[in-house]
Amino acid sequence: MVTVTSTLVNIVSYIKNVKNLYVVFSADLDSIIASSIIMRIAREEDVETYLAPFYEATRPSDASSSILLVKVLQRTPVGGLKITQLDDLVGKDPKIISSTSMHLLRELKKHIVVPRYIDVLSLVAMLSLARGSIYDQNVIEVHKKLLSEAVDNSLFTFIDTLRLFGYPRRDVIDALIKTVDPYILGVSLNREGSKKVLEDIGGSVSSEEAKTKLVDQLASILSSYCKSCEPITGTKIILRDLTPVDDVYEATYALYCYMDALGLDPLVYVSISSKIIDIARGVFDYMSKPLRELVDYVIENGGAKRVISRGVKMGIVDISTLQTTPPLFVAHRVLRALGLTEDVTVFSNGKEYLLPAPLIAPRWPYDKELNIEKSFVVFRSLQDVGEAFR
Amino acid sequence: MKMHLRITLRIPTPSREACLSVLDSLEPDNSTTPQGISIKMGCDDKTLAVDVESEDVGVLTVRNTVDDILVHANLALKSIVYIAMEREAIKTFKLSRENDLALG
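The listed protein sequences correspond, in order, to chains G and B. When we follow the numbering used here, the leftmost residue of the first sequence carries the number 13, and every step to the right adds one. When we follow the numbering used here, the leftmost residue of the second sequence carries the number 9, and every step to the right adds one.
Covered stretches of chain B (in silico footprint by chain G; criterion: 3 or more residues with CB under 8 Å from a CB of chain G, positions within the stretch not fixed):
hint: 1; region: 18-28
hint: 2; region: 73-86
Computed list of chain G residues with no C-beta within reach of chain B, every gap over 10 Å:
hint: 3; residue: Asp58
hint: 4; residue: Asp74
hint: 5; residue: Gly103
hint: 6; residue: Asn150
hint: 7; residue: Ser160
hint: 8; residue: Pro180
hint: 9; residue: Ser360
hint: 10; residue: Pro377
Treat the hints as calculated values from the structure; they're not laboratory data. As the structure is a computational prediction, the values presented were derived from the model and not from experiment. Glycine included, C-beta positions come from ideal geometry on N, C-alpha and C.
In isolation and in its complexed conformation, chain G is listed as follows (with noise of 0.2 Å):
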């Protein structure tokens, strides 16, 4: 068991320590803070580091390299190398499914000042561990006492409210324009949809009485297609004014948006800029268009189309009519958190079939050859795409 004490002197003194870093992440949001931020403190304490996602990480040649797995199953053991979990030095419980980089964060702030923004990102990886709406309450419910101890509580706040991207800190036209969880079918990405809504209920939502006419309508919207939708309306976490970021749920969703577009590399790299989560909004803005033609259409045809290979019940959307490649890690949550596919998204391109990459179950070494692309993998059939979870 891995008491506070020694879990003190570990996080620190493991970086402080070692010879050559070597860092391995899964593919997911939460891994790649929590790196980012590893990578951070290795480059303030000059030492080397080298960072790899999982399918991607080679053994190091040097015996005396140190591994940091990170998320990171190991499976079969490797002989003549140091090789730590990431979660054993914060102390986190293996059983609980909560956020390895707020427990980091916890156990920095009791050694060194750690920038605002870190804070955020804490939020936003916890945000990102929801199976399906990011609105999940259950994944709160874990994180509260870890919440308290690991966030500056100055930097946010619960409040009941509307459920919109922003809102109220944007004003509601705005809100509804960006929100894409819930995705609502001609109002989400649709700067004319969202007019219409906003006149039809009168033009503001400064009454309670027109604030009840908008979630009436969206919750209308919603329910002829959405399967398992949180309430448009409830508690949601706040980030008060002094925070340059509007919203930590848009902010889940731009840096999700700006892996799939850029990469999983890069995004550790630039999480290091306490600008990322504007600059992954602006991605995010760009690659708006070719979502919105994928998520409408796949909604206009009753959700994705439903397979079991090799025992993995996988959603398959087509994509091979769409002029350019969408985001579709993103497309996949949108779709999960509306119900209308499974926690697996398969995407086809009339000749291949892609999957996105945080949605490979990490363990290293890795044993399998995967043709990847940025921040899909490439299958030619689904039974190979079943034989990956295997």
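Start from chain G and add chain B according to the hints.
Same frame as chain G, now just chain B:
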């Protein structure tokens, strides 16, 4: 005597769409600019136009603000230019494949 400074930045981007996306990533910073400095931003077709004005603020503060904008715009633009170039490469690849098929 009050000092008034005005700096105009004009940053070319590959398209109006790219310009609007960079603008989207820059805008929140406006709310955290130092007192006495105002920033106006917009897209003039493909060109990102940034107007920084200050009233009785130290030159160094203004310079730091402009530096921040440039660093941020550079990062945002690099990300978007990279995606745009990839899109173009995919289109070119698709077109050349179609031509190959048409030529038999």
